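If you're matching them up, the sequences are chains A and C in order. End of the first sequence = 168 in my numbering, gap-free, step of one. End of the second sequence = 108 in my numbering, gap-free, step of one.
Zero decoy hints are in this set.
Listed below are several chain A residues computed to face chain C (Cβ distance under 10 Å; list not exhaustive):
1) Arg3
2) Gly11
3) Ser21
4) Val73
5) Ser131
6) Ala136
7) Leu140
8) Val152
Hints listed in this document are in silico derivations from the structure and should not be mistaken for laboratory results. Computed from a prediction, not measured in an experiment: that's the story for all the values here. A virtual CB, placed ideally from N, CA and C, is assigned to each residue, including glycine.
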Amino acid sequence: MKRYINPYIAGIALGFVLFASFFLCGKGLGGSAAWARLSAWLMHLIAPAHIENSPYFGHYFAHGKNPLHVWLVFLGIGTFIGGLVSSFLNGRSRIEVNRGPAISVRGRLIYALAGGILVGFASRLGLGCTSGQGLAGASLLSLGSWAFLFSVFFGGYATAYLVKDGWL
Amino acid sequence: MAPVLKLAHMANSPADLFVAVCLGFFFGLVLETGGLANCRKIAGVFYLYDVTVVKVMFSAILTAMLLLYASSALGILDISMLYLPDTFIISYILAGIILGVGMVIGGY
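The task is simple: from the sequences and hints, build the whole structure.
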C-alpha cells in the first residue's frame, strides 16, 4: 500500500481540475447532486407518482426526462472510476469497514448511516456539498459558499467530542 | 474564449457529457491520491490528528481562484458566465452546520 502524495501537490492538482471544469464547461465540480438524482431515480422505480409530484424532485422527471441524463451525474460516474483506478494503482483497494480503533463494525455502520442522512439532507438544503459549495463556490469567492464552508467546520468541531469513540 | 463549451452552445451535448466524465475521472483520481477518500483522514480534521483534508482543500481553492483570476484578467475567460449558486445565507449556514455534524459522525 503506497502512501498518499503530498497534500499541497494534491491540492494544486485538484485546483487545476476545478479550473478546467470552469474553463471548459462553465461550472464547478460537485459531488452531491449525482447522489440526489440516483436516489430520486431509485425512488421512481418504487413510487413513480409520489416522486413525480414531489415539489423538490418532480422537475428531475418533467416532460419525461431521465433524471440521470445530466452533466453532474456523468461527472459522478467519472469520479467513481477515477477513485477506483487510483486506489487500484496504489494498492489501496480492498474490502473493509474503515473505522477508528475503538468502534465495532456494526457501530461504525450505524454512525455512517446517521451521518449520511444528515449530509444528504444538508447538501440539498445548501445546494451543494463540500465540493460544489466548498471548492467551486469558494474559489469564485461566493459569500454564501464561504459562510457554508465555515459552518461545516463549526458543526464538525461542535459535535466531535460527542462522537469521539467513533474515531479515537 | 472560455467557458468553451458553454459559449459554443454545447451545454449538455454528448461532448459536454464526455468532458464531464473526463473531469470526474481526474477529480476522483486526485481526491483518492491525496487521501480524501479515507474517512479517517476526514475525521482527523475534527480531532486535529491529521489535517491533510484542510491542506488539500485550501490549496485547491487558492489554485483555482488564482487561475480563474488570471484567465479573467487576460481576457480569455468570461467569469460572468460561470455557474454560481444564489446566496441564501441563512439556509447555507444551517446546511453547513448540519453537514459538519453529519460529516464528523459519518466520516464523509
